[in-house]
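Build out the structure end to end from the sequences listed, making use of the hints.
Residues in the sequence shown are numbered consecutively from 1, following UniProt numbering.
Quick caveat, the hints were computed from the structure, so don't treat them as lab data. Just so it is clear, CB atoms sit at the ideal spot from N, CA and C, and this is done for glycine as well. There's no promise every hint is true.
What the hints assert, rightly or not - When the alpha-carbon atoms are kept at most 20 Å apart in a straight line, the in silico SDA-like pairs for lysine to any residue are as follows:
id, residue 1, residue 2
1, Lys325, Glu232
2, Lys238, Ile338
3, Lys205, Lys386
4, Lys288, Asn299
5, Lys238, Pro104
6, Lys326, Thr343
7, Lys260, Val351
8, Lys109, Gly201
9, Lys173, Ala84
10, Lys43, Lys171
11, Lys27, Ile338
12, Lys326, Pro289
13, Lys110, Lys50
14, Lys386, Pro289
15, Lys50, Phe134
16, Lys43, Lys142
17, Lys247, Asn299
18, Lys326, Lys386
19, Lys207, Ile357
20, Lys171, Glu232
21, Lys386, Gln445
22, Lys247, Lys109
Unchecked claim - Distance ranges between label pairs, derived from CB positions:
id, residue 1, residue 2, range
23, Thr290, His241, 26 to 34 Å
24, Asp204, Pro126, 41 to 49 Å
25, Thr290, Glu355, 28 to 36 Å
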Amino acid sequence: MNSLRTTISKKKKSVSLTLAISMADVKQILGDLNKDSFVTLLKKLIGEAKYVQNNPPDLIPEEDRIVNHVLEILNPYSTKNGGALIINHVSYTPNRGNLIVEYPGTDPKKVVSFVGMHMDVVPANPDQWEFDPFSLSVDGDKLRGRGTTDCLGHVALVTELMKKLAETKPKLKSSVIAIFIASEENASIQGIGVDALDKDGWFDKLKEGPLFWIDTADKQPCIGTGGVIPWELVVTGKGFHSGLPNKAINALELGMEALKEIQTRFYRDFPPHPKEVIYKFEAPSTMKPTQWFYPGGGNNQIPGECTIAGDVRLTPFYNVSDVIKKLQEYVDDLNANIEKLDTRGPVSKYVLPDENIRGSMSISFEEPYSGVACDLDSLGYKVLAKATEEVVGYVEPYSITGSLPLIRDLQDRGYDVQTTGYGIMDTYHADNEYCLLVDMSQGYQVFASIIAQLEDLYI
Numbered sequence: 001m002n003s004l005r006t007t008i009s010k011k012k013k014s015v016s017l018t019l020a021i022s023m024a025d026v027k028q029i030l031g032d033l034n035k036d037s038f039v040t041l042l043k044k045l046i047g048e049a050k051y052v053q054n055n056p057p058d059l060i061p062e063e064d065r066i067v068n069h070v071l072e073i074l075n076p077y078s079t080k081n082g083g084a085l086i087i088n089h090v091s092y093t094p095n096r097g098n099l100i101v102e103y104p105g106t107d108p109k110k111v112v113s114f115v116g117m118h119m120d121v122v123p124a125n126p127d128q129w130e131f132d133p134f135s136l137s138v139d140g141d142k143l144r145g146r147g148t149t150d151c152l153g154h155v156a157l158v159t160e161l162m163k164k165l166a167e168t169k170p171k172l173k174s175s176v177i178a179i180f181i182a183s184e185e186n187a188s189i190q191g192i193g194v195d196a197l198d199k200d201g202w203f204d205k206l207k208e209g210p211l212f213w214i215d216t217a218d219k220q221p222c223i224g225t226g227g228v229i230p231w232e233l234v235v236t237g238k239g240f241h242s243g244l245p246n247k248a249i250n251a252l253e254l255g256m257e258a259l260k261e262i263q264t265r266f267y268r269d270f271p272p273h274p275k276e277v278i279y280k281f282e283a284p285s286t287m288k289p290t291q292w293f294y295p296g297g298g299n300n301q302i303p304g305e306c307t308i309a310g311d312v313r314l315t316p317f318y319n320v321s322d323v324i325k326k327l328q329e330y331v332d333d334l335n336a337n338i339e340k341l342d343t344r345g346p347v348s349k350y351v352l353p354d355e356n357i358r359g360s361m362s363i364s365f366e367e368p369y370s371g372v373a374c375d376l377d378s379l380g381y382k383v384l385a386k387a388t389e390e391v392v393g394y395v396e397p398y399s400i401t402g403s404l405p406l407i408r409d410l411q412d413r414g415y416d417v418q419t420t421g422y423g424i425m426d427t428y429h430a431d432n433e434y435c436l437l438v439d440m441s442q443g444y445q446v447f448a449s450i451i452a453q454l455e456d457l458y459i
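Below you can see the structure in the form of C-alpha cells.
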C-alpha cells in the first residue's frame, strides 16, 4: 500500500511539473506578431477611418464598420463555430457597437484583460496631410494613416493576439478578455461606449485580475493620466455699429478679459502638485480655450454675444468636482462685479447705465471624468514593467494629462488598472499620423509576456 501511494504521489508530481512547464512556454506558444496578417487587417481598418471620425453633430462614427473587420478575423474561432472564443457584439444604438472577446481560462477567478482599444478616430483634413489619411500607406517601417497610433493600430494588434490564442489553444488558468469600444474620442453622446458597458456589468469580471488599458503610446507604462472637464462660456453684451463703440458692450472683449481672469484664478487655486514630479507628469493641470464662436456679421459690427469653449486637464491629485465648483464661483463673482474687469480703450465698457444693460456670462460643463495615478505596487504594474524591460530593453514610465474614460472609476472600485500603448505620442491627434511596425510587434510580445508571467504566478 505504501508503495502504491508513493507511485501515485510521483505521478501527481509529474503531472504538476508538466503543467508548470507548459505554462512557462506560453510566450513560445504565442510566438511573435504575424506582421503580414496585422498589416492586412490594419489596411482594412484605416480604409474605414473616414467613416469613424467622431465630432458630432457633423461627424458621427459608425464603429460597426471596424467591428465587422474584426469579426471577419475572429468569428471562425468563436464558440458558435466550434472554436474557443466567446464573442459578444454589444450595441446601444445602430451602427455603433462594442466588441467583447474572451479566451476562457480554467480558473473562473483569474483573468487578465486588454481594454480601451477604441474604434473611432479624431477628424482628419486631407488637405493638411502629406498623404491620404484614410488609406494605409507603408513607408519602410512606418504605417501611415488616421488611427494607426490612436487607436485602430491597437484594435488590429489585440485582434491578432486573440486570434493567436484561439489558434494555438494554450491551456491557461487566466481568462484573457479583450474589449474593443465605441465612442471614445468625443463624450457629447453618452450611453454608447464604456459608460454603458460598465453600467451593464461587462467590466465586472475584469476585477479578478490586472486590467490593461491599451490607448497610450511610446511602448512604456503610462502611470498617470489627467481628468478632463469640457466647459463652455457664453458671453452676452450689446451689439452695435463699430463706428459707435461707446454704445456697445463688445462681447469679444468681455470674453477675453473674463477668460483671462478665470484662468488667473484657476492657476492660483490649482498650482502644480508635488506628486506630479513623482509620477513624471509632462504638464500640470491646465484650463484653456480651444474653440471660439460668434454669430457672424461684418467687420463694422461689434458682436453682442460669443461663446468660448475649452477644457480643464486635471492631474489626478485634484478633485474634478472641486474644480467645477470653483469655476462656477469665478463666473458668479465676475457677473456680480463686471464693471471691475479690465477694459480695452477709452470707450470700452461692460455696463451701459443709461440703458440698464450689463454684460454677463454663464458657464456650463459636459460630462467630466477624473484622471488616474496607477498603483505602482500592484501586480499589474509589476508584470507590465517586467514585460516592457524584457521586450523593449528598458522601463521609463511617464504620465500625461491626456484623458482616458472610466479608468479612475474602476480604480476607485478596486480594479488594478494600468495603461500602455505602442503608437507614437508625437502623432496623437496630429496630422500625418503613423505608427511603427516594430513598436506594434514589441507590443504583441509584451502582451504575451504578461499572460505568461501571470500563468507562472498562478501555478
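Okay, the hints, checked on the actual structure:
| no. | hint | verdict |
| --- | --- | --- |
| 1 | Lys325 - Glu232 | holds (15 Å) |
| 2 | Lys238 - Ile338 | holds (14 Å) |
| 3 | Lys205 - Lys386 | violated (25 Å) |
| 4 | Lys288 - Asn299 | violated (26 Å) |
| 5 | Lys238 - Pro104 | violated (65 Å) |
| 6 | Lys326 - Thr343 | violated (24 Å) |
| 7 | Lys260 - Val351 | holds (19 Å) |
| 8 | Lys109 - Gly201 | holds (16 Å) |
| 9 | Lys173 - Ala84 | holds (14 Å) |
| 10 | Lys43 - Lys171 | violated (32 Å) |
| 11 | Lys27 - Ile338 | violated (65 Å) |
| 12 | Lys326 - Pro289 | holds (17 Å) |
| 13 | Lys110 - Lys50 | violated (39 Å) |
| 14 | Lys386 - Pro289 | violated (40 Å) |
| 15 | Lys50 - Phe134 | holds (6 Å) |
| 16 | Lys43 - Lys142 | holds (13 Å) |
| 17 | Lys247 - Asn299 | holds (16 Å) |
| 18 | Lys326 - Lys386 | violated (42 Å) |
| 19 | Lys207 - Ile357 | violated (57 Å) |
| 20 | Lys171 - Glu232 | violated (53 Å) |
| 21 | Lys386 - Gln445 | holds (12 Å) |
| 22 | Lys247 - Lys109 | violated (72 Å) |
| 23 | Thr290 - His241: 26 to 34 Å | holds (31 Å) |
| 24 | Asp204 - Pro126: 41 to 49 Å | holds (42 Å) |
| 25 | Thr290 - Glu355: 28 to 36 Å | holds (34 Å) |
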